[in-house]
Amino acid sequence: GENVEQHPSTLSVQEGDSAVIKCTYSDSASNYFPWYKQELGKRPQLIIDIRSNVGEKKDQRIAVTLNKTAKHFSLHITETQPEDSAVYFCAANVDFGNEKLTFGTGTRLTIIP
Amino acid sequence: DVKVTQSSRYLVKRTGEKVFLECVQDMDHENMFWYRQDPGLGLRLIYFSYDVKMKEKGDIPEGYSVSREKKERFSLILESASTNQTSMYLCASSLLGTSEGNEQFFGPGTRLTVL
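One line per chain: the protein sequences are A and B, in this order. Each step along the first sequence adds one to the number in this note's numbering, with nothing skipped, and position 48 is 48. Each step along the second sequence adds one to the number in this note's numbering, with nothing skipped, and position 38 is 38.
One thing to keep in mind: the hints can contain errors.
With a cut-off of at most 30 Å between alpha-carbon atoms, the simulated BS3-like pairs for lysine-lysine come out as follows [unchecked claim]: (1) A:Lys37 to B:Lys55; (2) B:Lys57 to A:Lys42; (3) A:Lys68 to B:Lys57; (4) B:Lys71 to A:Lys42; (5) A:Lys68 to A:Lys57; (6) A:Lys22 to B:Lys57; (7) B:Lys18 to B:Lys3; (8) A:Lys37 to B:Lys3; (9) A:Lys37 to B:Lys71; (10) A:Lys37 to B:Lys57; (11) B:Lys70 to A:Lys68; (12) A:Lys57 to B:Lys3; (13) B:Lys3 to A:Lys71; (14) B:Lys13 to A:Lys42; (15) B:Lys57 to A:Lys71; (16) A:Lys42 to B:Lys70; (17) B:Lys55 to B:Lys71; (18) B:Lys3 to A:Lys58; (19) A:Lys42 to B:Lys3.
Don't read these hints as lab results, they were simulated from the structure. Values in this document were obtained by computation on a predicted structure and should not be read as measured data.
Take the sequences, apply the hints, and build the full model.
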């Protein structure tokens, strides 16, 4: 089955700086790569996703890049703010038409004021 | 606005008890999922269902079963609870997509402690 590795497990960034979280996946058939954010005590929520026919997608201060050849994708957060502090999960979906996701182990991002 | 609810936020059970965790979604989603979340291990899929009475094993189904008698409700059952099943349990739902992937909407979670 699919295996998703996520790094780093913890990340501290000065407010205003950028943060990058990286994920690799094992199954070359994977075709959908979402990112979820989970604030303390809250439920995970989708913040951005990318599909296999796109190399990069941006939404305001967050962006995701995908390299299918290398089987890795990354989340980039620019101009970080205190409300960006959370746990971030990457995921990959391998079955076409089947929404089963394999999640990474998460990155705890802390923004230092 | 999608709403996914879970029957309990906190639950304490004893070893050997049969435990039922209930999840209800109100957006007519075909897919429903049960995950457990443990520190350092992320979200691991226990079971999922893409239709009423249909179920498929996820990555860690041992010790669990599920039931989906109605489209809006997906139940997770611990037949005989054990201490290693102490965890946060998250339910999620999504539409059955025709293209690659659809957003999963999560419930608030049930923190289960097995003594």
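Hints and how they fare:
| no. | hint | in the structure |
| --- | --- | --- |
| 1 | A:Lys37 to B:Lys55 | 27 Å, holds |
| 2 | B:Lys57 to A:Lys42 | 26 Å, holds |
| 3 | A:Lys68 to B:Lys57 | 28 Å, holds |
| 4 | B:Lys71 to A:Lys42 | 25 Å, holds |
| 5 | A:Lys68 to A:Lys57 | 14 Å, holds |
| 6 | A:Lys22 to B:Lys57 | 28 Å, holds |
| 7 | B:Lys18 to B:Lys3 | 27 Å, holds |
| 8 | A:Lys37 to B:Lys3 | 17 Å, holds |
| 9 | A:Lys37 to B:Lys71 | 27 Å, holds |
| 10 | A:Lys37 to B:Lys57 | 25 Å, holds |
| 11 | B:Lys70 to A:Lys68 | 39 Å, violated |
| 12 | A:Lys57 to B:Lys3 | 27 Å, holds |
| 13 | B:Lys3 to A:Lys71 | 34 Å, violated |
| 14 | B:Lys13 to A:Lys42 | 23 Å, holds |
| 15 | B:Lys57 to A:Lys71 | 26 Å, holds |
| 16 | A:Lys42 to B:Lys70 | 27 Å, holds |
| 17 | B:Lys55 to B:Lys71 | 12 Å, holds |
| 18 | B:Lys3 to A:Lys58 | 27 Å, holds |
| 19 | A:Lys42 to B:Lys3 | 14 Å, holds |
In summary, the structure is inconsistent with hints 11, 13 from the numbered list given earlier, while agreeing with the others.
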